[in-house]
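There are 2 protein chains.
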Amino acid sequence: MSEEMVFAKRQSVEQVEEGTDLAPKFDSDGLLPCVTTAADSGEVLMLGYMNQEALKRTIQTDQAHYWSRSRKCLWRKGETSGLKQKVVEIRIDDDQDAIWLRVNVEGDASCHVGYRSCFYRAVNSESSGKPLLKFVEEEKIFDPKMVYGDAPNPTQL
Amino acid sequence: MSEEMVFAKRQSVEQVEEGTDLAPKFDSDGLLPCVTTAADSGEVLMLGYMNQEALKRTIQTDQAHYWSRSRKCLWRKGETSGLKQKVVEIRIDDDQDAIWLRVNVEGDASCHVGYRSCFYRAVNSESSGKPLLKFVEEEKIFDPKMVYGDAPNPTQL
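Going down the list, the protein sequences come from chains A and B.
Sequence positions in the first sequence follow the working numbering and run 53 to 209.
Sequence positions in the second sequence follow the working numbering and run 53 to 209.
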């Protein structure tokens with residue numbers, strides 16, 4: 053696409069909620085959250101963040117792009133791991149400050165720890181006082197050391 | 053639950069990613085994002101935010117609680133509208149800074165505009181230059197004026 057992509061200006065609640073203008077609201081860091089689900093199963097794979105450029109490139113290329121908050125750079129999902137996400141549908145919410153991407157994943161995994169989904173643990177609400185997590189994915193799809201080598205882990209304490 | 057609920061301290065990447073401690077990371081505003089899906093269909097209903105109290109009450113009561121950023125208060129989903137969300141499962145992601153709630157919704161709607169999902173529009177990526185939205189839900193489930201009356205609209209420009 054040679055033409056520069058432009059988002060609409062946010063002018064009224066009616067325009068934002070009931071209209072057909074794409075008028076996204078980025079937060080004070082220039083980001084909005086993006087929920088990514090598997091188009092076939094509906095499973096939530098990850099929650100990422102997009103800046104304007106990531107959203108534009110995702111729309112233009114049908115490949116999921118995010119803003120990496122740990123690496124502070126535009127991030128085409130799969131550029132290191134090969135685990136690309138091909139976009140099936142892009143949805144936006146009522147006040148246009150959150151994105152929902154439905155994708156097909158090459159390699160069947162989206163989590164840097166090696167699991168299919170980043171949400172591989174559930175809260176066991178039976179445990180009182182100090183709740184514990186239980187694993188809901190049985191095993192990893194890939195070995196992160198093989199895929200990422202010595203690249204810094206994005207998880208921050 | 054009479055005992056005060058305590059989250060674990062974040063001590064290592066291994067503990068956070070591979071362990072069973074619930075050690076959530078709240079951002080500088082004390083919040084973390086929460087994706088809420090319909091337990092039956094997998095549809096993404098909304099993206100909300102939780103502070104510590106909202107997460108604790110959600111775990112303790114099996115009713116979805118959020119932090120309302122527009123109203124700046126704890127918000128038990130459905131307290132005004134009656135559209136409560138009964139929690140089926142609570143998941144947390146690899147670095148424990150995002151929640152995925154799977155819920156059953158009383159009244160079959162979760163969006164203050166009246167639709168089933170807040171994500172009732174998709175980006176039409178065929179439209180070049182200035183992308184347009186298309187509605188993917190045919191009609192509203194309820195009339196927001198009947199449900200919320202004159203309460204201020206939470207959407208901010």
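Simulated from the structure, these hints should not be mistaken for lab results.
Heads up, a few of these hints could be off.
For chains that are exact copies, the list does not tell them apart, and a pair is met inside one copy or across any two.
Computed list of lysine-lysine pairs in BS3-like fashion (alpha-carbon distance at most 25 Å, straight line) [said to hold, decoys possible]: (1) K77 to K186; (2) K197 to K108; (3) K124 to K77; (4) K108 to K182; (5) K182 to K197; (6) K61 to K138.
Original post:
Out of the numbered hints, which ones does the structure contradict?
Top reply: Violated: hints 2, 5 and 6.
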